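Quick note on numbering: the sequence shown equals residues 362 to 474 in our numbering.
Hint data in this document are derived by calculation from the structure and do not stem from the laboratory.
It should be emphasised that the depicted structure is a prediction, and the values quoted were computed from it without experimental measurement.
Please note that the accuracy of each hint is not assured.
No farther apart than 30 Å at their CA atoms in a straight line, the calculated lysine-lysine pairs in the DSBU-like style are these [claimed, not checked]:
hint	residue 1	residue 2
1	K429	K448
2	K387	K441
3	K387	K448
4	K387	K429
5	K429	K441
Cβ pair distances, simulated, as ranges [to be verified]:
hint	residue 1	residue 2	range
6	V432	H370	21 to 29 Å
7	H370	V393	24 to 32 Å
8	G402	M465	47 to 55 Å
9	I397	K448	43 to 51 Å
10	L426	V393	42 to 50 Å
Note that the Cβ used here is the ideal one computed from N, Cα and C, for glycine as well.
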Amino acid sequence: MEDILDVCHLPYSPGYPVVCMDESCKQLVGEVREPIPCEPGCPLRIDDEYVRNGVAQVFMEVEPLSGKRHVTICERRTMKDWAMQVKGMLDERYPEAIMVRLIMDNLNTHSIA
Numbered sequence: 362m363e364d365i366l367d368v369c370h371l372p373y374s375p376g377y378p379v380v381c382m383d384e385s386c387k388q389l390v391g392e393v394r395e396p397i398p399c400e401p402g403c404p405l406r407i408d409d410e411y412v413r414n415g416v417a418q419v420f421m422e423v424e425p426l427s428g429k430r431h432v433t434i435c436e437r438r439t440m441k442d443w444a445m446q447v448k449g450m451l452d453e454r455y456p457e458a459i460m461v462r463l464i465m466d467n468l469n470t471h472s473i474a
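Whole structure, please, built from the sequences with the hints as guidance.
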């Protein structure tokens with residue numbers, strides 16, 4: 362943990378960006394009934410019944426010191442998908458960087474090998 366905190370306290374450098382990367386599975390839901398619009402003194406009313414529209418994998422990158430963010434939506438979450446996201450980040454968003462300092466958790470799919 363101390364290593365991560367040391368990296369987070371480094372000053373901003375475009376040649377050595379600090380990027381936090383993670384993914385999340387999100388359920389896609391739709392409404393069964395049309396919400397009832399707001400009226401004076403009455404808020405928007407939304408029925409709690411919903412229809413399930415599957416799931417999506419959300420890959421997120423954040424460079425906290427510059428405020429940059431990037432989000433990609435995929436159908437699945439495998440080691441290959443993770444590696445392709447890292448490759449895309451390095452090739453497309455940080456091609457001029459000397460070294461990208463990547464902060465990520467230790468999920469089993471977070472492997473470049």
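Hints, one by one, checked against the model:
1. K429 x K448: 17 Å, holds
2. K387 x K441: 19 Å, holds
3. K387 x K448: 23 Å, holds
4. K387 x K429: Status holds; Cα separation ~22 Å.
5. K429 x K441: 24 Å, holds
6. V432 x H370: 21 to 29 Å: 26 Å, holds
7. H370 x V393: 24 to 32 Å: 49 Å, violated
8. G402 x M465: 47 to 55 Å: Since the Cβ atoms of G402 and M465 sit about 48 Å apart, the hinted range of 47 to 55 Å holds.
9. I397 x K448: 43 to 51 Å: For K448 against I397, whose Cβ atoms are near 47 Å apart, the range 43 to 51 Å holds.
10. L426 x V393: 42 to 50 Å: 44 Å, holds
Consistency note: the structure conflicts with earlier hint 7 alone.
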